[in-house]
Amino acid sequence: MSTGGRKPFGTSFEDWVERQVREAHERGDFEDLPGAGKPLAGLDREFSAEQWAADKARREGFDVSAMLPPPLALRREREVLLRDVPRLVSAAAVRAVVADFNDRVRELYRRPADGPLIVVGLLDVEALVQDWHRSRPAPAEPAPAPGPRRRWWQRGRRRG
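So for the sequence shown, my numbering puts the first residue at 170; every next one is plus one.
No lab work stands behind these hints, which were simulated from the structure alone.
You may find that some hints are simply not true.
Pairs of lysine to any residue residues, derived as SDA-like cross-links and limited to a Cα-Cα distance of at most 20 angstroms, are as follows [as the list claims (entries may be wrong)]:
1. K225 x L237
2. K225 x G211
3. K176 x R188
4. K225 x E215
5. K207 x R228
6. K176 x E192
7. K225 x L212
8. K176 x R191
9. K225 x M236
10. K225 x A210
11. K176 x H194
12. K176 x E187
13. K176 x V190
14. K207 x V186
15. K225 x A235
16. K225 x P238
17. K176 x A193
18. K176 x V186
Between the sequences and the hints, there should be enough to build the whole structure, so can you do that?
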């Protein structure tokens, strides 16, 4: 006799929960669950709320880089930016992205550090623009110009 989703008035929360668990067990709701009879993973290490959150985010497929402290997030962004420069559409886009990144690194160094100093290097705009140009495919050879076209009334006539 399940009471539904609401705790009955006058029943302690603990008694209500225990009764729901007992009834679910009697119905067989806990049979054939994945991991049944196996020890819980991670019980041999110390509990850390940060580690738990990162593990949960990884299991759910979330990007955990948003949980990084700002200097580490910028270091990660720097690696990604260096990898993805050839994919940018123009030299102006490379300049804009690198300038924005360098501005944020400078702003990070202007603020007092919350923890240990983590060095994030500035990027050389001109070197990255040159790398971008080198990664571009060589321009294709222009197709040869077609010969003179014959007009529709000349197609049946032979040239003489």
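Hint by hint, here is what the structure shows:
For the hint pairing K225 with L237, the CA-to-CA distance comes to about 15 angstroms; that is within 20 angstroms, so the pair holds. At roughly 12 angstroms between alpha-carbon atoms, K225 and G211 fall within 20 angstroms of each other, so this suggested pair holds. Using a Cα cut-off of 20 angstroms, the hinted pair K176 and R188 holds, with the two alpha carbons roughly 11 angstroms apart. Among the hinted pairs, K225 with E215 is consistent with the structure: their alpha-carbon atoms are about 16 angstroms apart, no more than 20 angstroms.
Note on K207 and R228: the hinted pairing holds, with a Cα-Cα distance of about 19 angstroms set against a maximum of 20 angstroms. Between K176 and E192 the alpha-carbon distance is near 15 angstroms, which keeps this suggested pair within the 20 angstroms criterion. Taking the CA atoms of K225 and L212, the gap is near 15 angstroms; set against the 20 angstroms cutoff, the hint holds. In summary, the hint linking K176 to R191 is supported, as the alpha carbons are separated by about 15 angstroms, within the 20 angstroms threshold.
Distance check on the hinted pair: K225 and M236 sit about 12 angstroms apart at the alpha-carbon level, within 20 angstroms; holds. With a C-alpha separation of about 13 angstroms, the suggested pair K225 and A210 falls inside the 20 angstroms cut-off, and the hint holds. Of the pairs offered as hints, the one joining K176 and H194 holds, with about 19 angstroms between alpha carbons and a cut-off of 20 angstroms not exceeded. A hinted pair counts as satisfied when its Cα atoms are at most 20 angstroms apart, and K176 with E187 qualifies at roughly 12 angstroms.
A threshold of 20 angstroms between alpha carbons decides the hint, and for K176 with V190 the separation of about 13 angstroms falls inside it, so the pair holds. Annotation: proposed proximity of K207 to V186 is violated, straight-line Cα distance about 24 angstroms (limit 20 angstroms). Under the criterion of a C-alpha separation no larger than 20 angstroms, the hint pairing K225 with A235 is consistent with the structure, at around 14 angstroms. Between K225 and P238 the alpha-carbon distance is near 18 angstroms, which keeps this suggested pair within the 20 angstroms criterion.
Using a Cα cut-off of 20 angstroms, the hinted pair K176 and A193 holds, with the two alpha carbons roughly 16 angstroms apart. The suggested pairing of K176 with V186 holds, with an alpha-carbon distance near 9 angstroms, which does not exceed 20 angstroms.
This entry does not satisfy hint 14, going by the numbered hints stated previously; all others are met.
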